[in-house]
Amino acid sequence: MRRVDSKEPTRPLGSMNTLEHASNSRVPASVYKAVVVFYVFLFLALMWPIYPRFALIEPRVIGLPFSLIYVIGGLVLSFLALWGLYLWEEASDDEIKATEPEPPYQSNQGQE
Amino acid sequence: MPSWLIVFLITLGYLFASLAIGLAPGRGASKSTEGYVAGDRSISFILLYFIMGASVFSAFAFLGGPGWSYSRGAAAFYILAYASVGLVPWYFFGPKVAALGRRHGYVTQAEMFAHRFDSRAIPAILAILSVFAFIPYLVIQMRGAGYVFNVVTEGRVPEWAGAAIAYGVVLIYVFRSGVLGVGWTNTFQGIFMMALAWGLGLYLPYRLHGGVGPMFEAIATEMPDMLRGPGLAADGQPWSWGGYSSSVAISALGFSVWPHYFMKIFTARDDNTLKKTVVFYPTFALFLVPIMFIGFSGVLAFPGVVPADTILPTIVTSAQIALPPVIVGLFCAGALAASMSTGDAILHAAGAVAVRDFWGNIRPGSLSDAAQRRWIQRLVVIVGAISYALALIPGLSLVELLLLSYGFISQLFPLTVMMLLWPRVTRPGALWGLLTGGLITIVLNVFPTLAWGDIHPGIYGVVGNVIMMTIVSLRTPPMDASHVAKFSTTPAPHPTTQVSSA
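Chains as they are written, first to last, in my numbering: chain Z, 1 to 112; chain U, 1001 to 1502.
Hints may be right or wrong, so weigh each one.
[Unchecked claim] In silico contact screen, one side only, chain U against chain Z (beta carbon under 10 Å); selected entries:
{"no.": "1", "residue": "Arg-1228"}
{"no.": "2", "residue": "Gly-1236"}
{"no.": "3", "residue": "Lys-1276"}
These are computed hints drawn from the structure, not numbers from a lab.
All residues carry an ideal CB built from backbone N, CA and C; glycine is no exception.
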């Protein structure tokens, strides 16, 4: 198997100590933890014993049974939470670029 | 012109367009294996979004989705539930995995495990497992394609010929263009499927019941159990919450680690491409909602359709609806698109996995890069031929095999998470965990009565896997800290931040 160990990026792969590895983001670590907790909860909320309490026909919303609205709600929340995190990261990356004229690491462009 | 001919011509037009789009990018990528398998790690957000989205919305979603909501009601919502969280782990481990891929030249998932655990057995086992998991999946897609051709031509094109035509086209563009062919055709097929799903999903309830609201109103009055969770089981009795919940769990866990999806991490142009794909993935999953409406619209209007998976073609071609042949033709093309957009990614992955992970570890270094690429292309044809032969065997049931393969594949989830979060996990720990998880899954599939509470065997497998991996890892000597630190996202036992070339 071909393995090219010489292809080192210009800096070590992230700080190795948090989930935001490989991103130079200034989003606080506590935010990442909160997002992970949120997703664990969302995952559990889609199953027994939480979902059965909401898997009913009434109240119907825009004509759909609540059992379906609840699951669609989970899908929408999942999208919004991650999108929010993404936008926050993007904004803080821009901040870094503004304060540091030469960023130490910029994804993989021009590495090959 | 007879209406079946119009339908047939539109379907052929679609196939021709797919072929043209699939062949166009062949000259764009480099001739290397990395170009063929990972698109030179330069795939853009739009392309990756459609590759991930369209691969998931397979013949299962297009025919099975309406079939589930038609026969099992709210049970079908489990697909939406797992789709909402299934890809999220990628947001966190995807960029790390992609960075490791760039650094060490991985194009498949097993190569990363091989390197981390310094093992040739693990990737070889994974390769065998993956190819076995891929084949039933592929056979189902091919049968779906054959079925569609047969129905729309009113039996004039037999199923074997229909499957051969559709997959002949897939083989040509996968063979020629690799992952870029898959990407561009999936973009085309994905847009096509979305338009069709929303169109039919809103039109059919309107036509049959006067709208989506009145449709659910009628079902709530006549068959309320259909709309309450967890819906119905295959035998028409109310399903168990254990069965529903564990289906959500096993699918969500397995989702992010299926080898043909996982290796797409290595195709992303950069971290933002990868993250954006995960963020926007649920917008693709929403496409399943109208698909389910189609099934619900048939509950009262077309009772007793067997098998339930044929409800969509049954409604579309029924005289009661009298859709114009052009729309029926577009529907058929959409169903073919669903089948082909999943089949192409699986074929491509099967070739890459067999050559890189299996042969690459049995006889390391025996193939040059150009030879690897050639062998991957040959294997794409061979796996396609085997699956086609299996698809022709009448009455061969694949559902059991598919369930088993889901159980197997989800055993990779603990391995992936442990590898990235727990520096202490060792090679014997990983091996024993995988073997235990796999064994429990097999035993409980063979003796389903042993599985308490109707819970999916794979869940028991994952639990056994984690326990075994943890115990064995703690009881074996830790692996070299500087080697492990390259992979871990938590501090190594002896923090060595200076990771120079090993």
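What are the numbers of the hints that this structure violates, sorted from low to high?
-> 2
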